[in-house]
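Chemist: Here are the chains, one letter per residue:
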Amino acid sequence: MSHSLEPGRPLTRRDFETGQDVRWCPGCGDYAILSQVQKLLPTLGIPRENFAIVSGIGCSSRFPYYVETYGMHSIHGRAPAIATGLKLARPELSVWVITGDGDALAIGGNHFVHLMRRNVDLKLLLLNNQIYGLTKGQFSPTSEFGKRTKTTPLGSIDRPFNPVALALAAGATFVARSVDAEQEHLAGVLRQAALHKGTAFVEIYQNCVTFNDGAFDLLTDRDTRDDARLLLEHGRPLLFGKGLTKGIRFREAKAEIVILGEGGVTEADCAVHDASEGSAGRAFLISQLGQLGFPVPLGVFRAVEAPTYDALSEELSRAARERSGTGNLEQLLASGTTWTIS
Amino acid sequence: MSHSLEPGRPLTRRDFETGQDVRWCPGCGDYAILSQVQKLLPTLGIPRENFAIVSGIGCSSRFPYYVETYGMHSIHGRAPAIATGLKLARPELSVWVITGDGDALAIGGNHFVHLMRRNVDLKLLLLNNQIYGLTKGQFSPTSEFGKRTKTTPLGSIDRPFNPVALALAAGATFVARSVDAEQEHLAGVLRQAALHKGTAFVEIYQNCVTFNDGAFDLLTDRDTRDDARLLLEHGRPLLFGKGLTKGIRFREAKAEIVILGEGGVTEADCAVHDASEGSAGRAFLISQLGQLGFPVPLGVFRAVEAPTYDALSEELSRAARERSGTGNLEQLLASGTTWTIS
Amino acid sequence: MEPPATSLADDAGGPYSPPTATMTRPAVQVEELESVVIRFAGDSGDGIQLVGDEFSQSVARAGLDFSTRPEYPSEIRAPVGTLFGVSGYQIQYSSHEVLTSGDSPDVLVAMNPAALKINLQDLKPGGMIIANSSAFSGANLAKAGYEANPLTDDSLSDYRLFAIDIGGLTSRAVLGSGVSRKEASRCKNYFALGLMLWLYHRPMENEVAAITRRFQGQPELVAANIAALRAGYAYGDTSETFSVSYHVRPAAIHPGRYRSLTGNQALALGFVAASELSGLRLFLGSYPITPASEILHTLAGLRHFNVVTFQAEDEIAGVCSAIGAAFGGALGLTTTSGPGMALKTEAIGLAVMTELPVVIVNVQRAGPSTGIPTRIEQADLLQAVYGRPGECPVPVLAARSPADCFDCAIEAFRIAVKYMTPVILLSDGGIGNSAEPWRIPDLASLPRLPVSFRTDPEDFHAYERDANLARAWVRPGTPGLEHRIGGLEKDFLTGDLSGEALNHQHMVEVRAAKVGRVARDLPPLEVQGSPAGDLLVVGWGSTHGAIAHAVEQAHTAGALVGHVHLRHLNPFPDDLGELLLAYRQVLVPELNLGQLTRLLRERYLVDAIPLSKVQGRPFKVAEIYHRIMELAR
Amino acid sequence: MEPPATSLADDAGGPYSPPTATMTRPAVQVEELESVVIRFAGDSGDGIQLVGDEFSQSVARAGLDFSTRPEYPSEIRAPVGTLFGVSGYQIQYSSHEVLTSGDSPDVLVAMNPAALKINLQDLKPGGMIIANSSAFSGANLAKAGYEANPLTDDSLSDYRLFAIDIGGLTSRAVLGSGVSRKEASRCKNYFALGLMLWLYHRPMENEVAAITRRFQGQPELVAANIAALRAGYAYGDTSETFSVSYHVRPAAIHPGRYRSLTGNQALALGFVAASELSGLRLFLGSYPITPASEILHTLAGLRHFNVVTFQAEDEIAGVCSAIGAAFGGALGLTTTSGPGMALKTEAIGLAVMTELPVVIVNVQRAGPSTGIPTRIEQADLLQAVYGRPGECPVPVLAARSPADCFDCAIEAFRIAVKYMTPVILLSDGGIGNSAEPWRIPDLASLPRLPVSFRTDPEDFHAYERDANLARAWVRPGTPGLEHRIGGLEKDFLTGDLSGEALNHQHMVEVRAAKVGRVARDLPPLEVQGSPAGDLLVVGWGSTHGAIAHAVEQAHTAGALVGHVHLRHLNPFPDDLGELLLAYRQVLVPELNLGQLTRLLRERYLVDAIPLSKVQGRPFKVAEIYHRIMELAR
Ligand SMILES: Cc1ncc(C[n+]2csc(CCOP(=O)(O)OP(=O)(O)O)c2C)c(N)n1
Ligand SMILES: Cc1ncc(C[n+]2csc(CCOP(=O)(O)OP(=O)(O)O)c2C)c(N)n1
Ligand code: SF4
Ligand code: SF4
Ligand SMILES: [Mg+2]
Ligand SMILES: [Mg+2]
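Residue numbers (our numbering), protein chains in the order written: chain B, 339 to 680; chain L, 339 to 680; chain Z, 295 to 927; chain Y, 295 to 927.
Just so you know, these hints were derived from the structure itself, not from any lab. Note that the structure is a prediction, hence the values are computed from the model and not measured. Don't take every hint at face value.
What the hints assert, rightly or not - Lysine-lysine pairs mimicking DSBU-like chemistry, simulated, CA-CA at most 30 Å apart: (1) B/Lys580 / B/Lys592; (2) B/Lys592 / L/Lys535; (3) B/Lys474 / Y/Lys476; (4) L/Lys474 / Z/Lys411; (5) L/Lys474 / Z/Lys712; (6) Z/Lys437 / L/Lys377; (7) B/Lys485 / L/Lys535; (8) B/Lys377 / Y/Lys437; (9) Y/Lys437 / B/Lys474; (10) B/Lys474 / Y/Lys712; (11) L/Lys474 / Z/Lys437; (12) L/Lys474 / B/Lys535.
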């Protein structure tokens, strides 16, 4: 039951908790993500009742049950389509989609790319554990090549998607990546997503302790993370490594790693991250880094302004009313050629 | 009925024609594409009976009826999935998918990206007329923003996909683009696609005379085409314009147009196209050119070698037999713990 | 009986204009007819649909009742002169009530050999053929598969053949209007129209006005087409080719203001009406498909109403977006045909579980699979009733005619919001594309669609039910009523997840009972013909006209036969069981292999006899009539 | 009756080993039982399924018949001690034929308070509770909603309660084996197993061997678990807690070699057998879904056969890839459950139209929509029979038990290739996850699956039919037989596109007739109980065991009741109609609201009475028995 609100009192995290038992495995990365979202929502200046969270099916998609807003736990893969309808019907709502790597990219892949293309003003959080959790451990479209799972006892022969790259190619206006264990980073990325006008896509690496434990350890372990990841910051050079001693630069559109100080290389030689660039080209190049043995980028790849689908849709209605006047049913029924029998 | 073949006689184009009346509108761009395919197939050294063409639904998807091979005119959007099953069941066949922009990218978008990701050894020709032809003229996922169609009397608010970019992001190993009216170019691209081992994706701009006439005139009209398009050739610099007087170069990772001769710029300053580059990054940058007011690239964006899905699948079976011996039904039925009641 | 006074207003609210009859009638014999069936046929480029529409408008203006049926070629723009490129338009009009576009035409207007070839088989024995002889030449004859010219080889001697050089006459008529040869040739449809107007005693003025409007800004085309029209009219009047012309007296139609409407248009208007009546936004999420696309096209043009249309990436996204909109408090609508319907079934299950008001329209076409997309069939009934996994009940309605589509659209949403349930509304390609006159209703006469969203947070339980077994509809944005719904089984009261044995049984039964309640709202069934007796003919959907005609004929011929036509297929009306018992036998004509038949047999254990036709074509009245007479003895 | 000799071989072809009985039996009273139902229950981390499996293996080795039913929590790994984290495993074994896993357990082994709370309601009055008292402490009691400790507050006085400190005893027993505290605690399931083996007179040696295999390479775990096992056994033997132990005589089972098999495994083996018998590649295109995934898992591990498995991006791609494979000349297979089934319906239509042999398995679960995924239900029957747009007939089969799944898998492909048609095979989550002994068949006893591809180009017509109304199967790669198929209506002979009226009618009828032909192959129906009389109980699918038991009891009690269990649901066997007439009444127990009931009523106009249970739980024998006795009087 809903935690009751006195009018005027500022919202708190607790206002976004439901009484429901949270039914994820102990240690599941989903808890951390839930917690960040519950912290974020009260700070956005949006009345609680104006949030709606739509999810598909999967462990991750249980999310809405745990957040005290309007919510729908829908069917597998279809949350983006449902959320699009909701937003077009009710543009004033803040609509969030929670999905998993199977939900968004296997069965729901089509709705995912079309959502990115349209730029509906929705926030989509993809909880990517690189496995099907709820169905107990089959490989997903983001599982690594060669992975042994219940359906691939000899190793998977599927090459994984890079969701960030796919979203960029589909035309997404906001694309980011974070990881469950890095609470501060995650909080920052989620906030930027929330503030973006348009489809905001956040891929969140999420540890599935039960079926894919440790998948992101390299990125989160103190010993390895500095070399393994590249923290993107708008307007800052692409630096990584302990003490930020390494950098990335692009020569003729090819990425290279440079060591600061070696051969006279300085920060100024490194590429400066510009998330607001009109073309998605460089963001795409950056998205490829992880695949090529370079560090895995985390942060906001792209954040550009563009008219949202829902706003354009309202604009169409306005234009139509301007052209034809507000619809009048009586006139409509009697339009076209009519004749009277008396 | 099938044009009969005497054994040993080399195949000709006529061997690939069916008796069926071709039912496209007079002047439809599909005719030219059909003709190029019929010319190409006999030259590939593959027996006619080893071809199979699978299509979805749309004007373009009528294609199989007109080619004297095995064929299936299936259901809307699903040809890639059907063809994948066919190829996995029968890796020795040469399997082609014919699809349209609605078929491949609206209803079939998910199968499309998954096919690209998996690299099944299929050839996929997407006949892109930027409209739904068969259903008489609604906008498609490749129609331009603002287009007025039957379903968008006030102009479309959908931003189009760039199919080449999407395929690249999904991991395609062969990506090319051509246009119906440029027979020679088309022939060359199709041949390269046919020879590629792995998923070969060719986007073919196709003129729909009835519902979207002239959509590609800029690219094909003698007066405009030189400036409007950029012909990609592996190993050659990116040059365009009448007399190839303009070029493209990448500064960091941003494209620029340069005029040869101006300010000392020479061919050597222009980016050299390398379709075989491991990373898809630069191919992606090139794919973005058309969107940015630069010329529209035609030709092979990317052609890299990678194990095919069907070959990997056969390899799995081989490995399994190596490990466990060729399956023996009697043993299988009696495996696990058994006991005998006498 | 005197023809009723008629008035014509081309635009809503336009001024009254008295009927005009400025042409002097030619001095040929005039035959009075009760009704006539005309089929126009020609190449898809010949403008056949236009001529048909104009002719039907003319007939409508005279206060005649009519029904039309277009037949499009399945190709977009098939090569000229081929059999598969033939387009047809049939109209029946009458001084009686017209319920179908007619079994067999009395007159066939054939603009080329292919049109003749394809349509001749349907023409009444002894019927009239008006053939455009200029098109009956070498290549065209060959493409139609004629070895000799049928206009000259006497093979048509069983018919009344008028071979007229429509092409040549048109070319000559438009000389001097400044159009190109190609444009000139395109005017021949207006020649044919002019000729038919003369032959059937219709005035020409309105057509002149229509041409002027249609080709606005292209004065040469206006001139040329008017010239062709007048030439056709004059040809009838002066050529002495015809010794008789025909007149059909206006029908005794219910007084009122009328317009012509196809079923798809009527659905669109009905949905807009539902939106206005409920005060809610109408949201249509749809993916184009023949023959349903026109609903989307029409609604896309009505965004000055509280209407949002969304062309989705596929049918699944179409229905899902409608579900999302309904969750948001809008009227959720999705429209499709068979193949798309198959794809929507999973999501319809979600709408059943979440109990949201979504209307799913299936404009049926010939299946299975892709089937024959441009052809009529009624074979998706069982899929509508039973085609979802699990116990997943959904109310199912079917429209019987183009005009009925308007009422059914409103009825579908009435049920959806009253019972908080998805509703399936069946139409078909026949109804969808056919036009008939529609009496424009008074707004005050339309049903009410009261909707009240719950706003009171006191004691709120998401799955608490009202007297209709409906749960409350809560708009997101309402403070204090935040709650979650979804596809998992829910506690009967709180809506929390529940895997409890008895709760599940209860919920399954409640969902079924809720749909069953719809029957309580239904008016008593109306029976045409005998209220009891030998044979009850039970129909649904677009077979209405043919059945009604056949039953009327049989009744007149003395058979103790009745006809009931079901709008509600799930649940059945409460009084249907008793009605079935009032007759010795039950006959169910359907354009399928007997789907309603199965439902009736199962529900009422009545040995209903199917009359099946699965040919992609509507019933002919005679087919039903004969079967009735066999059974009713 | 003497127990039959049994032999045990742990691997295929392993040597014969005589039964062993090396433990000396304790000196307590031994009670002989006919059958026993035991339920193990505990936290999902407690290793309950493992204990259950091991116990059933032990029972199997003794030549006893058994049936098991696991109950998984719907959460992946729910928090420890919660009600929704309880895992259960029920086994019934008997000296008679065992058809179900039993209505109510005689014994409940409860490893924690939540397990007791959830399962107590099912326990027989006066039944035995073995509770792990060490888990009945503060937090655990609270999580289970107990205010006081039920083991000590006398609330269980109606049962025979044995509160044993399993946790503590296990910890002490494994001391010194070198395992961590956590690991030690994980051994308590083997303590419980040891105790139950003692209580039910089962030898321990095989379990020792099993533990050694399971923890191969982890010697401490081997030692610890064996110690726990022996401690449990010894506890029974020495603690004098139990004054009675129990013995069930081996059943008079058909002689042969046996193994234990779940329904999902049996399907997988059956499909491999179909591949081997036909000599064709088996292609499975599937998308994971509970409770069907295991078929995919199993077949993915059998690629050393001519088996290719493909985990598709969704269910549509799953079935489509199978259609593509069938077009290529392979056995096309796809497996799913309700929600996935909904998504496959459009493509099944394509398979009907292209007439390709594809088998679609639906392991049903509780719906509608997401429903209760881990629960049993049989509510997808009408969807299987009618759930596609258009006249789209498909043969439908249903398996009745885990072992029957094997035969049904072969039967499904026999029909598919003989008639060139998709076939739907229904199973359910109950059958899919339950294990029972399966007599390993002789290869020679398996049905033949002859397939001959057409290779002769002479006079080839793609839609020409053989005596079974099947069109020829042509593998791409065959010279001279190049042809095109698809979803559009086809000419009845050539397979060219056809929109012809009469051709369509013919094709619709032929497709229906072809499916109808399947009935010709069916053996006469087998009736259990009275061959005629008061009541025929008609069942299908997993209700078989419960119905058979109930009918047996009723028959023994003198009721004139018969039972027929349908494997073929579409078409029905030809002799069903006559059989129905041989009884005064017909009762149809189903785990739905009466779906087979509807089909029987419609087809035979028989007033079949449904017995519906839609609780996500199987029928209890008693529920059916009572209804039978009410009706049969
Ligand atoms: C139509 C349909 N197909 C399949 C399933 C089974 N299913 C449920 S969740 C899931 C995948 C879950 O993976 P993911 O989206 O990565 O979520 P996670 O559990 O890993 O968070 C599948 C295959 C379903 N519920 N519905
Ligand atoms: C499931 C389903 N949905 C919709 C349709 C209707 N439909 C047929 S083709 C088509 C789109 C065709 O566009 P495209 O793929 O671009 O092909 P084109 O005709 O332009 O070559 C649509 C919406 C269908 N046949 N099946
Ligand atoms: S299975 Fe994995 S993703 Fe699912 S709840 Fe458990 S840890 Fe989380
Ligand atoms: S509608 Fe367009 S795409 Fe279709 S056949 Fe005609 S010209 Fe070609
Ligand atoms: Mg996942
Ligand atoms: Mg197109």
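Chemist: Each hint should be assessed against the structure and marked as holding or not.
Modeler: Right, here's what the structure says about each hint:
For the hint pairing B/Lys580 with B/Lys592, the CA-to-CA distance comes to about 24 Å; that is within 30 Å, so the pair holds. Distance restraint check for B/Lys592 and L/Lys535: the Cα-Cα separation of roughly 26 Å lies within the 30 Å cut-off, and the hinted pair is therefore satisfied. Of the pairs offered as hints, the one joining B/Lys474 and Y/Lys476 holds, with about 24 Å between alpha carbons and a cut-off of 30 Å not exceeded. Pair hint L/Lys474 plus Z/Lys411 holds up; C-alpha atoms about 26 Å apart against a cutoff of 30 Å.
Of the pairs offered as hints, the one joining L/Lys474 and Z/Lys712 is violated, with about 37 Å between alpha carbons and a cut-off of 30 Å exceeded. The straight-line distance between the Cα atoms of Z/Lys437 and L/Lys377 is roughly 27 Å, inside the 30 Å bound, and the hint therefore holds. Straight-line distance between C-alpha atoms of B/Lys485 and L/Lys535 comes to about 24 Å, which keeps the hinted pair within the 30 Å bound. Distance hint between B/Lys377 and Y/Lys437 is fulfilled; the C-alpha atoms sit about 27 Å from each other, no more than 30 Å.
Of the pairs offered as hints, the one joining Y/Lys437 and B/Lys474 holds, with about 25 Å between alpha carbons and a cut-off of 30 Å not exceeded. Straight-line distance between C-alpha atoms of B/Lys474 and Y/Lys712 comes to about 37 Å, which puts the hinted pair past the 30 Å bound. Restraint check: the Cα-Cα separation between L/Lys474 and Z/Lys437 comes to about 25 Å, which is no more than 30 Å; the hinted pair holds. At roughly 35 Å between alpha-carbon atoms, L/Lys474 and B/Lys535 are farther apart than 30 Å, so this suggested pair is violated.
When the structure is compared with the earlier hints, violations turn up for hints 5, 10 and 12 and for no others.
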